[in-house]
Each structure stands twice: as structure tokens, then as C-alpha cells.
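Protein chains: 2
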Amino acid sequence: MKLVCPICGKTHDEPVQRCECGEPVEFERFTGEPYIGKSVWERFWDFWPVEPALEFSLGEGDTPLVKSGLGEELGVKLYLKNETVNPTWSFKDRGTFLAMSHALKAGYKTVGTVSTGNMAASVSAYASRFGLKAKILVSESASDEKLKAVSVYGGEVIRVHGDYGRLYFESLKLGERLGVYFMNSDNPFRIEGYKGIAFEIAEEISPDYVLIPTSSGGLFRGIAKGFIELHESGLIDDLPTLIAVQAEGCSPICRAFKEGKAKIERFENPKTIAKAIANPYPPSGNAVLRLMRDFGWSCVSVSDGEILEAQRKLAGEGLFVQPASATGIAALERLDLPRGAKVVSILTGSGLKTLKSAPQGGIKECPLEMLESCLR
Amino acid sequence: MKLVCPICGKTHDEPVQRCECGEPVEFERFTGEPYIGKSVWERFWDFWPVEPALEFSLGEGDTPLVKSGLGEELGVKLYLKNETVNPTWSFKDRGTFLAMSHALKAGYKTVGTVSTGNMAASVSAYASRFGLKAKILVSESASDEKLKAVSVYGGEVIRVHGDYGRLYFESLKLGERLGVYFMNSDNPFRIEGYKGIAFEIAEEISPDYVLIPTSSGGLFRGIAKGFIELHESGLIDDLPTLIAVQAEGCSPICRAFKEGKAKIERFENPKTIAKAIANPYPPSGNAVLRLMRDFGWSCVSVSDGEILEAQRKLAGEGLFVQPASATGIAALERLDLPRGAKVVSILTGSGLKTLKSAPQGGIKECPLEMLESCLR
Chain A
1 MKLVCPICGK THDEPVQRCE CGEPVEFERF TGEPYIGKSV WERFWDFWPV
51 EPALEFSLGE GDTPLVKSGL GEELGVKLYL KNETVNPTWS FKDRGTFLAM
101 SHALKAGYKT VGTVSTGNMA ASVSAYASRF GLKAKILVSE SASDEKLKAV
151 SVYGGEVIRV HGDYGRLYFE SLKLGERLGV YFMNSDNPFR IEGYKGIAFE
201 IAEEISPDYV LIPTSSGGLF RGIAKGFIEL HESGLIDDLP TLIAVQAEGC
251 SPICRAFKEG KAKIERFENP KTIAKAIANP YPPSGNAVLR LMRDFGWSCV
301 SVSDGEILEA QRKLAGEGLF VQPASATGIA ALERLDLPRG AKVVSILTGS
351 GLKTLKSAPQ GGIKECPLEM LESCLR
Chain B
1 MKLVCPICGK THDEPVQRCE CGEPVEFERF TGEPYIGKSV WERFWDFWPV
51 EPALEFSLGE GDTPLVKSGL GEELGVKLYL KNETVNPTWS FKDRGTFLAM
101 SHALKAGYKT VGTVSTGNMA ASVSAYASRF GLKAKILVSE SASDEKLKAV
151 SVYGGEVIRV HGDYGRLYFE SLKLGERLGV YFMNSDNPFR IEGYKGIAFE
201 IAEEISPDYV LIPTSSGGLF RGIAKGFIEL HESGLIDDLP TLIAVQAEGC
251 SPICRAFKEG KAKIERFENP KTIAKAIANP YPPSGNAVLR LMRDFGWSCV
301 SVSDGEILEA QRKLAGEGLF VQPASATGIA ALERLDLPRG AKVVSILTGS
351 GLKTLKSAPQ GGIKECPLEM LESCLR
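Chains A and B, in that order, are what the protein sequence lines are. Mapping of the first sequence onto the UniProt record's numbering: position 333 corresponds to residue 333, and the numbering continues sequentially without gaps. Mapping of the second sequence onto the UniProt record's numbering: position 184 corresponds to residue 184, and the numbering continues sequentially without gaps.
There may be inaccurate statements among the hints.
If several chains are the same, the list does not tell them apart, and a pair holds so long as it fits within one copy or across any two.
[Stated by the list, open to error] Computed list of lysine to any residue pairs in SDA-like fashion (alpha-carbon distance at most 20 Å, straight line):
hint: 1; residue 1: Lys-356; residue 2: Gly-316
hint: 2; residue 1: Lys-275; residue 2: Ser-303
hint: 3; residue 1: Lys-38; residue 2: Ile-205
hint: 4; residue 1: Lys-364; residue 2: Ile-158
hint: 5; residue 1: Lys-342; residue 2: Gly-361
hint: 6; residue 1: Lys-2; residue 2: Phe-295
hint: 7; residue 1: Lys-38; residue 2: Leu-65
hint: 8; residue 1: Lys-105; residue 2: Gly-305
hint: 9; residue 1: Lys-38; residue 2: Ala-202
hint: 10; residue 1: Lys-146; residue 2: Leu-355
hint: 11; residue 1: Lys-356; residue 2: Glu-145
hint: 12; residue 1: Lys-2; residue 2: Leu-174
hint: 13; residue 1: Lys-67; residue 2: Gly-131
hint: 14; residue 1: Lys-146; residue 2: Ile-363
hint: 15; residue 1: Lys-2; residue 2: Pro-49
hint: 16; residue 1: Lys-313; residue 2: Asn-269
hint: 17; residue 1: Lys-173; residue 2: Leu-65
These are calculated hints, taken from the structure and not from any lab test.
Take these sequences, add in the hints, and give me the full structure.
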């Protein structure tokens with residue numbers, strides 16, 4: 001299977017991660033047919049670039065698509081794809097599992113990633129599961145407390161002092177030299193793993209719109225490729241409209257999209273409560289712009305106030321998500337979608353990961369003797 | 001469907017929660033056959049005491065059964081039932097969903113529970129999802145921080161000052177008078193919901209042993225009833241041996257079991273890191289004792305040191321659990337199980353819920369310019 005650069009079109013026979021032009025490469029499109037199977041890996045066996053190492057699976061994927069009443073006021077049929085119930089409680093596990101399957105097969109003994117949040121925990125967990133060593137490079141601002149949920153799995157956590165954006169590219173370069181397989185946010189195997197979200201949605205409904213919290217752009221590219229491959233395989237009739245959602249305080253992709261540019265520019269002084277999508281210079285930004293232009297898709301940015309309100313509304317549906325994961329619902333109000341449209345919003349990660357920033361509800365104090373009146 | 005007291009045998013036509021003798025009642029045994037369906041609720045449709053309100057489901061249940069290498073040294077085939085990937089990240093959601101389905105159907109407007117942890121979050125979440133009000137009664141020692149993950153869903157949190165054990169029974173009494181449906185740890189509908197764990201295990205393997213972290217005893221009773229009903233329905237050939245696991249620092253059931261007593265006694269000065277199973281006077285304790293005696297099952301208690309070591313081992317398998325959830329693996333080393341035995345350990349709740357008590361791994365500091373040597 002060849003890798004191809006979605007921007008300059010150059011093909012690569014070697015398993016590179018990025019093209020000479022600087023853009024992330026991706027696998028050529030797969031076509032195939034579905035099978036009967038318990039896991040999404042088995043049901044869509046034709047569509048993966050490496051054989052999934054099922055003996056090491058933690059049961060990632062196959063997450064619930066939950067019907068929500070939150071679209072009723074707006075007249076749309078809303079579904080929530082709950083990725084917070086993955087093994088490390090974010091969508092990252094799908095991509096990590098597939099990239100790890102490749103690393104194992106290719107003979108690597110050590111893997112790595114650059115992340116301070118969901119992806120760090122995911123790579124740390126799956127490396128241990130696969131019996132590989134992990135080097136987790138985190139930014140200097142990452143707190144010890146936050147890193148507990150990463151180091152607990154056994155991965156080596158390295159806090160790197162210096163420009164975090166440069167670290168991404170340095171890690172790929174050094175990794176290649178040192179034989180450490182870095183599976184960063186737009187690693188081509190990782191992107192393939194995210195296709196499962198599209199496959200599972202298509203098994204249940206034919207969505208008109210899919211709202212995708214977007215930071216590096218890897219998740220957006222994976223879901224896009226999944227739907228495109230289903231379409232090219234004749235398994236779905238129509239492509240849904242994909243909408244990238246960013247936080248206003250860090251929206252390099254939406255800004256470039258609105259200005260009609262082909263390339264993103266670094267977003268200076270990013271500031272948002274949605275930390276998990278606060279990448280000021282997303283490595284897959286140009287690839288996402290290209291997809292939006294080619295398919296007539298779009299980008300919406302939302303304020304922190306709207307994000308918090310959406311987070312609260314989702315909790316009222318029984319789903320507690322991190323702020324980044326609420327952006328899709330925040331975007332819903334900004335979009336003027338046709339009545340009756342079927343809309344899926346991707347809930348990317350668990351609210352337990354950002355418990356500190358969660359709203360503190362009121363607590364009533366009550367002596368046991370007064371319980372009856374407290375309950376009335 | 002009648003309710004019956006597992007201790008005195010009295011049957012009840014009314015939907016009471018406890019027998020006059022003080023023990024928790026349970027539904028008579030169901031028999032039936034399995035169907036094709038996406039959710040465990042649909043596949044085992046014959047086995048529920050109330051029609052599951054699927055339109056309000058959050059996708060609870062249908063959790064992965066993960067093959068683990070941790071049994072290899074001991075010569076057993078170990079499987080981990082990962083309940084940490086439920087909608088509020090613990091097994092409680094299965095019982096809450098079914099009890100909530102009953103409350104809705106029975107016309108209640110308000111539900112309640114007594115808990116400071118997993119069950120509190122679960123009831124708060126599902127009450128919002130079902131459009132019901134929730135009164136969550138927590139102990140005076142519950143910290144504001146911990147209660148964030150409960151109040152975020154919208155349930156009213158009431159911190160009750162007084163004896164926590166008495167609160168359990170007071171809540172049931174007052175709830176009946178005030179029309180608040182309390183779904184505490186051994187509510188009969190809640191117990192029925194836990195049967196799904198047994199059903200799903202039986203769909204994949206025929207276990208010889210099932211290790212169950214045990215506090216109130218509700219989970220143990222539910223899993224037991226599930227396997228017994230499968231057996232009586234002719235769907236499995238043999239009952240597995242169920243083993244209740246408690247923390248040494250709070251093991252009222254194991255103590256009574258070892259002493260050959262029919263009734264548990266309050267465990268004075270409980271002290272364990274496994275807070276989620278630290279109930280000193282478990283309301284289903286006698287019912288669990290009875291099951292163990294009737295079926296030749298048993299009880300094992302483990303030390304905090306063993307629990308922490310087991311938590312670390314599980315993280316090395318990619319599964320980060322709360323201390324209480326690691327007790328099954330801790331027990332494995334104490335038991336002398338026959339070689340080749342198929343063993344399932346239930347992982348009850350996510351480690352993110354007890355992040356503060358998680359071990360702090362070492363963090364290496366590294367300037368970006370030195371990255372190469374840091375990675376070597």
C-alpha cells in the first residue's frame with residue numbers, strides 16, 4: 001500500500017510520516033466490503049493498512065451512538081458518538097492501537113508521542129499492553145498532577161523545555177534516527193484508526209452532518225477518509241457534510257478557511273478553556289483545509305462561554321465531557337442546519353480528565369435528623 | 001413478577017425494597033432464551049423485571065472482555081471484564097439504567113441514592129437523562145472536589161451529617177413516604193441490571209472462576225443471579241465459582257464467612273485505600289453469605305499493599321482502575337487455582353475517579369536541545 005501526500009500528490013513507497021514538502025502523508029484509499037464480526041477491526045478488515053494485532057486489543061472502538069434531545073429545539077435529529085468510553089477514555093485509542101500494531105510488526109522496541117493529554121495517556125497505556133517501551137514527550141507547562149494519568153501506565157514521561165511546536169518535528173526526525181517510532185497526532189496509521197468512527201456511524205445511520213472538534217486535524221482527516229472510502233466502496237450513497245469545530249481562542253484552521261487561504265498560519269496567543277484542541281499550528285491544518293475545499297465542507301469556531309454552556313447541556317443528557325468535546329454542540333447553535341437533518345457530534349474525551357475546570361455545583365448541608373425536610 | 005426474600009423466603013407482591021425481616025428482597029428467577037440484538041438489554045430481553053427504556057439508554061453494558069497475560073505465571077487464563085468504559089465509567093450504570101426504567105414507568109418524578117462515589121455520579125447522570133430530579137445523599141466526609149463529578153450532571157447533592165449506615169435505611173423509609181424512589185446499592189432492579197455482566201461473559205467464554213470486588217454485595221448478587229438464571233435456562237452447562245473479594249481493612253463478609261456465621265457484623269474502624277468497597281456493614285452482606293454457602297463459593301480479603309501492586313500490574317496491561325477494582329487481581333495470587341482454569345476479574349471503575357491516590361511516576365526534565373540524548 002502506497003502513501004501519498006494529500007497536498008503535493010507525491011507518492012511514497014517507504015513508510016514515511018511526512019512528505020518532503022512538509023505535509024503529512026496518508027495511505028491511498030482502501031475499498032472493500034464489510035464482514036460479520038464483534039469488533040470494528042474485524043467488520044472492516046479490508047480497510048486497515050496493517051493487520052490489527054487483536055490479541056493486544058483493549059476493546060477500543062465500537063462506542064455507543066447516543067440519541068440526544070439537544071437537537072429538538074433546532075429541529076435536527078442529533079446523535080452523540082461517545083468516544084469517552086474507550087479504554088483510556090478518549091478517541092485516541094483507536095489510532096494508537098493501529099499505529100502500535102504497525103510498530104510491533106515493524107520490529108520497533110520503543111515508541112513515542114508528543115502530547116500532554118489524551119494521546120499521551122493512550123500511547124503510554126498501549127505501549128505497556130504491547131510490551132513496548134514508551135517515551136512520552138510533554139510540554140514544560142504540563143502539571144505533575146495531570147501527568148499521573150500518563151505515567152501510571154509505565155511510559156517514560158519526559159518534560160521538554162523549549163518550543164512545543166518544534167518538538168513535534170524534532171521528535172519525528174530524531175525518532176527515525178534512533179529507532180523510536182513516534183505516533184504523533186497525524187501519524188498515518190493513527191489517522192487510519194479513526195476511520196472506525198465513520199464506519200460505526202454508517203452502520204447505524206446515514207448522517208447529513210458530522211461535527212468534529214478539531215485541533216491537529218488528525219481526527220477530522222480520519223473520519224473524512226472513512227466516509228470517503230465507504231462511498232467509493234459503494235457502501236453508502238452520500239457523503240455527509242463534515243464540519244470542523246474550533247475554539248475561537250485558537251482557530252487557525254477556521255481563520256484560514258474564512259480568509260480563503262490554502263495554508264494555515266500560526267495562531268498567536270492561543271487562549272481557550274478547550275485545552276485539548278488548543279494547537280496553534282496544527283500539523284494537519286493544510287490537509288484539513290484541502291478536504292474542506294474539495295468537498296464543500298466547512299469550519300465553525302465557538303466561544304469559551306458557548307463551550308461551557310454546551311458542556312453543561314451534555315451533562316444534562318448524562319454525558320460528562322471535557323470542554324473540547326462540547327464544541328460540536330456549541331457549534332450546533334451557530335449553524336443553520338435544515339430541519340430534520342441527521343447530525344452526529346463527536347464526544348472526544350471524558351470530563352474526568354478535566355475535572356478541575358468542571359463547574360462546581362451547589363451542595364446542600366443537612367443534619368440526619370432533618371432529612372425529611374431536606375428531601376421535600 | 002414476585003419479589004422474594006433470599007433469607008427468610010417470604011414473597012412480596014408489592015414492589016418493596018426490603019423484607020420485614022430487614023433483608024433485601026430480590027426478583028424471582030427468570031428463565032428465557034437469547035435473541036439477536038445490538039445491546040445486552042435486547043439480547044437477554046426475557047430476563048429483565050421491567051422493560052428497559054432503551055430510548056434513554058446511554059449505551060451502558062456491552063463492555064470488553066480483555067484477555068490478560070497477568071495469569072500466565074499462575075498458570076490460569078485470565079480475562080478482565082472492563083466496566084470502566086460504561087457511560088459514567090463504572091458498573092453502576094447497568095443497575096441505574098434498569099432502576100431508572102422502573103422509576104419512570106412507575107410514575108416517580110424524583111429519584112435518590114446514598115453514595116459518595118460511582119453510584120452517586122451514575123444516578124445523577126441517568127436522572128438527568130431520563131428527565132427526573134435526583135437527590136444524592138452523600139456522607140459528611142465527601143470532599144467538594146470529589147462531588148464535582150456528581151453535581152455536574154445536575155442532581156441535587158445533599159451532604160448529610162450523621163451516621164452514614166443509618167442514612168441508608170432512613171432514605172428508603174423517607175423515600176417511600178415522600179414519593180422519592182431511592183435506588184441504593186441493593187435495590188432489586190439495580191441487582192437485575194448487573195446480571196448483564198454474567199450474560200456477556202457467558203456469550204464469550206465459560207469461566208471457571210469469577211472474582212468480584214465486594215462492598216455492599218449488590219454486584220456479587222447480580223452476577224450470581226445472572227449465571228444461575230442462565231444455568232436454569234439451560235444456556236450454560238456449569239455454574240462458575242464466584243469469589244467475593246474484600247479489602248482486609250474492611251472485610252465484614254469475609255470475616256463472617258471464615259467464622260462460619262450466617263450474619264455479618266459491623267466492621268469497626270474500617271481502613272483501606274479501596275474506598276469504593278469500604279462499606280463496614282454491607283446491606284446485602286447476609287444475602288452474599290447465603291449464596292456462598294449454598295453454592296460452595298468463597299471470599300478472599302487482600303491487603304492495601306497487594307491492592308496497590310495489582311493496580312500497578314493492571315496499568316501495565318493498559319487498564320487504569322480505581323484501587324477497589326484491582327482487588328480481584330490481588331486475590332488471584334492468594335488463591336491456589338487449578339492450572340488452565342479460566343478466570344474473570346471484574347474491573348469495576350475507572351482510575352480517573354481516584355487520580356489523587358494514583359502513584360506518581362517519575363518525570364524526566366529535558367531541554368529541547370538535549371532531546372537526542374534524552375531519547376537514547
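Indicate which option fits the pair Lys-342, Gly-361 if close means a Cα-Cα distance not exceeding 20 Å: within, between, both or neither. Cα proximity of Lys-342 and Gly-361: none, with 33 Å in one copy and 45 Å across.
Homomeric proximity label, Lys-146 with Ile-363: Cα distance no greater than 20 Å: Between. Shortest inter-copy distance 12 Å satisfies the 20 Å Cα cut-off; intra-copy 26 Å does not.
Given identical chains, is Lys-105 near Gly-305, meaning Cα to Cα at most 20 Å, within a copy, between copies, both, or neither? Intra 46 Å, inter 37 Å, cutoff 20 Å: neither.
Checking an output row: Lys-146 and Leu-355, CA cutoff 20 Å. Within, between, both or neither? So Lys-146 and Leu-355 pass the 20 Å test inside a copy (10 Å) and across (9 Å) alike.
How would you classify Lys-38 and Ile-205 at a CA-CA limit of 20 Å: within, between, both, or neither? both (19 Å within a copy, 14 Å between copies)
First find the shortest C-alpha distance between Lys-67 and Gly-131 inside one copy, then the shortest across copies, and answer within, between, both or neither for a cut-off of 20 Å. between (38 Å within a copy, 14 Å between copies)
My question is about Lys-2 and Phe-295: at a cut-off of 20 Å on alpha-carbon distance, are they close within one copy, between copies, both, or neither? neither (23 Å within a copy, 59 Å between copies)
Treating 20 Å as the Cα threshold, decide for Lys-275 and Ser-303: within, between, both or neither. within (13 Å within a copy, 39 Å between copies)
Homomeric proximity label, Lys-364 with Ile-158: Cα distance no greater than 20 Å: between (43 Å within a copy, 5 Å between copies)
Treating 20 Å as the Cα threshold, decide for Lys-173 and Leu-65: within, between, both or neither. Neither: 39 Å inside a copy, 38 Å across copies.
Classify it for me, Lys-313 with Asn-269: is the Cα-Cα distance of at most 20 Å met within a copy, between copies, both or neither? neither (29 Å within a copy, 41 Å between copies)
From the Cα coordinates, with 20 Å as the cut-off, is the pair Lys-356 and Gly-316 best called within, between, both, or neither? within (19 Å within a copy, 26 Å between copies)
Hint violations for this structure: numbers 5, 6, 8, 12, 16 and 17, all remaining hints satisfied.
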